[in-house]
Structures are given as C-alpha cells and as structure tokens.
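> Throw the hints in and build the complete structure from the sequences for me.
Following the working numbering, the numbering of the sequence shown begins with 8 at its first residue and continues without gaps.
Keep in mind the hints are simulated off the structure, nothing from the lab.
Note that the structure is a prediction, hence the values are computed from the model and not measured.
25 Å max Cα-Cα, derived DMTMM-like pairs, lysine to aspartate or glutamate:
1) Lys92 - Glu130
2) Lys92 - Glu70
3) Lys92 - Glu50
4) Lys103 - Glu53
5) Lys29 - Glu50
Label-pair restraints from in silico Cβ distances:
6) Asn80 - Gly100: 31 to 39 Å
7) Ser90 - Met152: 31 to 39 Å
8) Arg63 - Gly100: 18 to 26 Å
9) Lys103 - Leu156: 35 to 43 Å
10) Arg47 - Asn80: 19 to 27 Å
By construction, the Cβ of each residue, glycine as well, lies at the ideal position given by its N, Cα and C atoms.
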Amino acid sequence: MRFSKKENRIGLSPTMALHLLKLAVGIENISHLRELQQQRFAEQGELRHVTRFMPRRSDQILEGGSIYWVVRNFIRVRQRILSFKYVRNEDTGSNKCAVVLNPELVLTVPTRRRPHQGWRYLEESSVPPDLGATMEEFGDMPLEMATELRALGLI
Numbered sequence: 008m009r010f011s012k013k014e015n016r017i018g019l020s021p022t023m024a025l026h027l028l029k030l031a032v033g034i035e036n037i038s039h040l041r042e043l044q045q046q047r048f049a050e051q052g053e054l055r056h057v058t059r060f061m062p063r064r065s066d067q068i069l070e071g072g073s074i075y076w077v078v079r080n081f082i083r084v085r086q087r088i089l090s091f092k093y094v095r096n097e098d099t100g101s102n103k104c105a106v107v108l109n110p111e112l113v114l115t116v117p118t119r120r121r122p123h124q125g126w127r128y129l130e131e132s133s134v135p136p137d138l139g140a141t142m143e144e145f146g147d148m149p150l151e152m153a154t155e156l157r158a159l160g161l162i
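Written as structure tokens, this is what we have:
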C-alpha cells in the first residue's frame with residue numbers, strides 16, 4: 008500500500024512544527040539578548056514578546072514551535088514558544104499579541120537572513136540546526152569567524 012506525501016503509515020497527516028522568525032532589533036549579540044530577557048523576566052514573572060498581530064497559524068506553532076531570533080542579519084538563537092495571549096495596550100487601548108517564551112536560549116548555526124518587518128513564519132524544513140550545549144562557548148563568536156569555521160567543518 009502506498010501513502011501520499013501528506014500521510015504517514017497510519018493514515019494521519021504528520022504534524023510538523025511551524026516557527027516564527029523575528030528580528031532582534033537593537034540587540035548587539037546573544038549576551039545582550041540574554042541580559043535583556045533576564046531583566047524582563049524578573050520584572051514580569053514570565054518572558055514574553057509583544058507583537059501587533061496574533062499568528063493565524065498559532066495552533067501549528069504551539070505544536071513545538073520556536074521563535075528564531077535574527078541578530079545582526081544572522082539567525083543566531085531560538086526559544087520555544089509556550090503560548091499566545093491577548094494583552095491590552097494601556098496607551099492606545101488596542102489588543103496586542105503576547106508570545107510567551109521559554110527563557111532558555113538555544114544557539115543555532117549562524118544563518119544569514121535579510122531584514123524584514125514584523126515576524127515571518129518559518130517552516131521546519133528551513134530552520135538552522137541547533138549548535139548544541141557543547142557549543143555554548145561559541146555563542147558570541149564574531150559571525151565571520153563562525154561562518155568560516157562552519158564552512159571548514161570545524162563547528
């Protein structure tokens with residue numbers, strides 16, 4: 008018996024996580040992002056990023072999706088998305104979307120991305136691989152060096 012590309016062996020559609028891609032505007036490096044997020048977590052009791060719109064495909068994202076942060080034109084790190092909430096903007100009275108994040112930053116292989124506004128969906132097939140815990144010391148390595156070492160197969 009043959010299965011279509013959309014079906015697995017038991018006839019169900021496989022679920023692939025969908026992710027978000029977001030520019031980390033004003034962030035210099037991963038240490039700067041970590042420091043800023045630790046401060047916000049201490050103030051708010053949870054880590055969240057507020058954006059204008061709720062993703063229409065939020066159910067797919069909550070099936071294991073992450074937010075991939077673009078730091079200085081490279082995807083450098085990701086965080087697991089825990090939930091989405093509507094929050095009210097006190098100044099304008101409008102509803103916004105809070106993306107609630109796991110505080111753990113997972114380093115990824117530096118991958119060049121062009122700037123864009125807002126967030127973008129990122130399919131599972133397009134995500135860069137994680138560097139892994141043993142690569143933590145390379146997190147703030149200059150991008151040119153990391154890219155060259157990666158091309159040589161050294162990281």
